[in-house]
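Count the sequence shown with our numbering and you get residues -12 to 150, in order.
No lab work stands behind these hints, which were simulated from the structure alone. For glycine and all other residues, C-beta sits at the position ideal for the given N, C-alpha and C. Please note that the accuracy of each hint is not assured.
[As the list claims (entries may be wrong)] Ranges between beta-carbon positions, derived for each pair:
#1 Ile132 - Ser21: 22 to 28 Å
#2 Gly7 - Gln133: 39 to 45 Å
#3 Gln88 - Gln133: 34 to 40 Å
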Amino acid sequence: VVWNPVYSNQRTFWLERRDGTSTDFSYIQCISPSTHWQDLVWAFRAAIADQILERKHRVFGGREHYMCPVTNQQCRWNDVHVDHRPPLTFARLVNDFLLEQMLDPGDIVLTDGDGNIGSTLVDGSLQQVWQVYHRMFADLWVISIQAHTDVTRQRLRAEEKPA
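Input sequences plus hints: build the corresponding full structure.
Set out below in structure tokens:
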């Protein structure tokens, strides 16, 4: 078990082979592999990770605390998440992007090679177009972990309701 090289506050299983190579693995993926769509969403998230971190840095601005706009609680760096403000959720942004670009999710090639944490887009130009699109349309807000959990729960309940 080692500290995750991508998400530094998490630990991950790491396999070291006899030939000296190594890679991460997920026991959850071994039991229940993700779908192409789930891997695709992961790859799209990974492609904009720098924008997420940039937003968090901008909001904190060197300060130790930040006031959550949902709970009005003082939060530290590790007490917040960067979320896509509803109704323009991350899933909606991805869907809108795929429609605008006339892309079939099944045609998008991903890589999940040794040493990669999650999937990544093989097509670098597609990744760049997605990053520009996300920067233009995403409405990111920094909220407490509790607020993020509550907002996500509300979203899921709303999606369960029949139209």
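Hints and how they fare:
no.	hint	result
1	Ile132 - Ser21: 22 to 28 Å	holds, 24 Å
2	Gly7 - Gln133: 39 to 45 Å	holds, 44 Å
3	Gln88 - Gln133: 34 to 40 Å	holds, 36 Å
Consistency with the previously given hints is maintained throughout, with no hint failing.
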